[in-house]
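Protein chains in written order, with this note's numbering: chain A, 1 to 157; chain B, 1 to 157; chain C, 1 to 157; chain D, 1 to 157; chain E, 1 to 157.
None of these hints come from the bench; they were simulated from the model. Do not rely on the hints blindly, as some may be mistaken.
For chains that are exact copies, the list does not tell them apart, and a pair is met inside one copy or across any two.
[Unchecked claim] Heads up, simulated BS3-like pairs for lysine-lysine below, C-alpha to C-alpha not over 27 Å straight-line: (1) K91 with K74; (2) K74 with K121; (3) K121 with K91.
This is what each chain is made of:
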Amino acid sequence: MTVRVCVVDTTFARVDMGGLAVRELQRLIPGVRVFRRTVPGLKDVPVEVLRMVEEYGCDAGLALGWVGGSPVDKYTYLVYSMALQLVQLEKRIHVVDVTVHEDEAAGEEELYRVAVDRVRKHVYNLYLLLMRPGELVRMAGTGRRQGGPDVGPLRRP
Amino acid sequence: MTVRVCVVDTTFARVDMGGLAVRELQRLIPGVRVFRRTVPGLKDVPVEVLRMVEEYGCDAGLALGWVGGSPVDKYTYLVYSMALQLVQLEKRIHVVDVTVHEDEAAGEEELYRVAVDRVRKHVYNLYLLLMRPGELVRMAGTGRRQGGPDVGPLRRP
Amino acid sequence: MTVRVCVVDTTFARVDMGGLAVRELQRLIPGVRVFRRTVPGLKDVPVEVLRMVEEYGCDAGLALGWVGGSPVDKYTYLVYSMALQLVQLEKRIHVVDVTVHEDEAAGEEELYRVAVDRVRKHVYNLYLLLMRPGELVRMAGTGRRQGGPDVGPLRRP
Amino acid sequence: MTVRVCVVDTTFARVDMGGLAVRELQRLIPGVRVFRRTVPGLKDVPVEVLRMVEEYGCDAGLALGWVGGSPVDKYTYLVYSMALQLVQLEKRIHVVDVTVHEDEAAGEEELYRVAVDRVRKHVYNLYLLLMRPGELVRMAGTGRRQGGPDVGPLRRP
Amino acid sequence: MTVRVCVVDTTFARVDMGGLAVRELQRLIPGVRVFRRTVPGLKDVPVEVLRMVEEYGCDAGLALGWVGGSPVDKYTYLVYSMALQLVQLEKRIHVVDVTVHEDEAAGEEELYRVAVDRVRKHVYNLYLLLMRPGELVRMAGTGRRQGGPDVGPLRRP
Numbered sequence: 001m002t003v004r005v006c007v008v009d010t011t012f013a014r015v016d017m018g019g020l021a022v023r024e025l026q027r028l029i030p031g032v033r034v035f036r037r038t039v040p041g042l043k044d045v046p047v048e049v050l051r052m053v054e055e056y057g058c059d060a061g062l063a064l065g066w067v068g069g070s071p072v073d074k075y076t077y078l079v080y081s082m083a084l085q086l087v088q089l090e091k092r093i094h095v096v097d098v099t100v101h102e103d104e105a106a107g108e109e110e111l112y113r114v115a116v117d118r119v120r121k122h123v124y125n126l127y128l129l130l131m132r133p134g135e136l137v138r139m140a141g142t143g144r145r146q147g148g149p150d151v152g153p154l155r156r157p
Numbered sequence: 001m002t003v004r005v006c007v008v009d010t011t012f013a014r015v016d017m018g019g020l021a022v023r024e025l026q027r028l029i030p031g032v033r034v035f036r037r038t039v040p041g042l043k044d045v046p047v048e049v050l051r052m053v054e055e056y057g058c059d060a061g062l063a064l065g066w067v068g069g070s071p072v073d074k075y076t077y078l079v080y081s082m083a084l085q086l087v088q089l090e091k092r093i094h095v096v097d098v099t100v101h102e103d104e105a106a107g108e109e110e111l112y113r114v115a116v117d118r119v120r121k122h123v124y125n126l127y128l129l130l131m132r133p134g135e136l137v138r139m140a141g142t143g144r145r146q147g148g149p150d151v152g153p154l155r156r157p
Numbered sequence: 001m002t003v004r005v006c007v008v009d010t011t012f013a014r015v016d017m018g019g020l021a022v023r024e025l026q027r028l029i030p031g032v033r034v035f036r037r038t039v040p041g042l043k044d045v046p047v048e049v050l051r052m053v054e055e056y057g058c059d060a061g062l063a064l065g066w067v068g069g070s071p072v073d074k075y076t077y078l079v080y081s082m083a084l085q086l087v088q089l090e091k092r093i094h095v096v097d098v099t100v101h102e103d104e105a106a107g108e109e110e111l112y113r114v115a116v117d118r119v120r121k122h123v124y125n126l127y128l129l130l131m132r133p134g135e136l137v138r139m140a141g142t143g144r145r146q147g148g149p150d151v152g153p154l155r156r157p
Numbered sequence: 001m002t003v004r005v006c007v008v009d010t011t012f013a014r015v016d017m018g019g020l021a022v023r024e025l026q027r028l029i030p031g032v033r034v035f036r037r038t039v040p041g042l043k044d045v046p047v048e049v050l051r052m053v054e055e056y057g058c059d060a061g062l063a064l065g066w067v068g069g070s071p072v073d074k075y076t077y078l079v080y081s082m083a084l085q086l087v088q089l090e091k092r093i094h095v096v097d098v099t100v101h102e103d104e105a106a107g108e109e110e111l112y113r114v115a116v117d118r119v120r121k122h123v124y125n126l127y128l129l130l131m132r133p134g135e136l137v138r139m140a141g142t143g144r145r146q147g148g149p150d151v152g153p154l155r156r157p
Numbered sequence: 001m002t003v004r005v006c007v008v009d010t011t012f013a014r015v016d017m018g019g020l021a022v023r024e025l026q027r028l029i030p031g032v033r034v035f036r037r038t039v040p041g042l043k044d045v046p047v048e049v050l051r052m053v054e055e056y057g058c059d060a061g062l063a064l065g066w067v068g069g070s071p072v073d074k075y076t077y078l079v080y081s082m083a084l085q086l087v088q089l090e091k092r093i094h095v096v097d098v099t100v101h102e103d104e105a106a107g108e109e110e111l112y113r114v115a116v117d118r119v120r121k122h123v124y125n126l127y128l129l130l131m132r133p134g135e136l137v138r139m140a141g142t143g144r145r146q147g148g149p150d151v152g153p154l155r156r157p
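Just chain A, with the same shape it has in the complex:
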């Protein structure tokens, strides 16, 4: 059966996260049907995901947010992220919540790399959730990170 995934990103973001995600999804899941929309900002994402899930019968979603650096922006992140939980709980599907925070990198080059790495790895995570859940169990507790290198498991003392 064809896997159906919706992707929602923003015009607020400074990297075309949605375009990258669509390409990665198509590379990883041959035959996947991807439905993509772009909304202005973070707070417009959850309802767009919900609408697309219902309109296209998606099996999962990808929410791609870009968060400013001020304290108010962090509250907005909190609201956005909680609303995405509500969408997931109502529809009983995974909506992988990918956010890049403008203040998490030292400069613009690093921020670009963080964004690209995080999108790629989260798309791969979504692929595992949908197609190979057993593989995730084998990776439990191994310190995977998105946006930078994995930190690995703690050694047993």
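With chain A fixed as given, assemble chains B, C, D and E onto it according to the hints.
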């Protein structure tokens, strides 16, 4: 079919955000039907939006909030913004959440300009969401900002 | 038709906010039916409002809270205020959320005046919401404040 | 008719808050039926209250929490307290939310006294809510405190 | 009747919390049926728990989260933890919420020990909730801690 939009602003605000939004909506969407209400403050907005959406069968809403500068005001913003998410998720429509924060500008003149710019651009965003969603996809990741100049996309390193 | 309003205040408050609100409501809306209850503290208010709205078929409510000055008290305010949003969204009615914060005034005399001014003005706001919504639209963006003097609209630069 | 109350406390607490609450309830409400459970920590309380309310048809509940002193503990308090609001709003009953914060007293003796005083007074509050709501109205705005002495009403300036 | 428990942990964690939890559950509850899944991170846990509870008819769940040390990570914890409350309240079952915070230990060895101790003790707590609730009442107010030594009850002054 006629587009129906509700607009809710506050008497707490220091700029007539609702009046400006109504004019911009009518300029951008000929034949739009706009339903406007004003409430005292931020916390009165979400239920008013919900009531209007149900009373007039709106396709989308515009919530125009003005937030004070104290930490308690920021909690109030959080509550208001979360409640607007609930309205959107219940009704499956976009309610663009526009807020001006009293402490985000250096002086009153700048604050005025921030408010006007933000309302105008968010009304345009709502127009795109309703009428030209494909245009938003073309703008994905281009660093659009409301309240000040766009910052543009990050260069690929 | 008779307007029905419920009023809930607390024994934690240091001013009889509920008594004042009842008198102001009766002065502003002749023939109003007011249903009043007092609960111990902030977190007991939302469910009491919900119970009264359902028991007496209220058209609106007034929640009168008194908030301590510690960070934990502010979290409690957040929880209380979010729960009041849920009540409003479920019942589709306005419940004007009036809070006095113990740390917002320099001394006890000023705090008393803040509380009285805020209750009076919010009761007037509720009156406008119920009886004269068009008047609120005329007041949009005029910088109204409750608890102190209005700050007025920003001048157009 | 017999009043039915559920009491939920934790093994995380350092005072047997539940035992004290049960004794106080039985002293204040002759013939009361009290249903008591203990759970490990704060986040286990709300669902336990909900289960007991439904299993035993309780008229009200008492949630007895003990909160650590770190910032993360305060977030946990926020989550716990919001979930208790949801329980109250769903069941339309009061669940008095009693919390002791490990960092609110100077030493262990004082913390013990805070806990005991707060439980006693909140049980009394629950008794008033259930049996003598009119008495609470007479106490409106009188500055009652739980965990320490009342502060009294503000004087009219 | 066979007890059914679901366990969800993450690849973000640096200790195989899920594997440990499964072994402990099987040791404590002979004949228990454990259903285990691993997801990428904290925000993927709640919907996975909900899906497993419904798919396998679980009597309880164990959510095993690993939280980073930045302020944004703490907001993510808040969102995750609130969503787990919603799952519990919807399904009327306990989902014990176990989190390890990367910044709560002095070094990696200590963090490993905190994680192992916390998982073990919370699995034991879940066992008590399911099989021996009366035992928990006997432990009320005794200052139990997970992740480190118990602190014990306060002495009566």
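Q | Same-copy or cross-copy closeness of K91 to K74 [CA-CA at most 27 Å] | A | both (26 Å within a copy, 26 Å between copies)
- Query: How would you label the pair K121, K91 (within, between, both, or neither) given a Cα cut-off of 27 Å?
  - Reply: within (24 Å within a copy, 32 Å between copies)
If the cut is 27 Å between Cα atoms, do K74 and K121 qualify within a copy, between copies, both or neither? both (23 Å within a copy, 22 Å between copies)
Violated hints are absent here; each numbered hint is respected by the structure.
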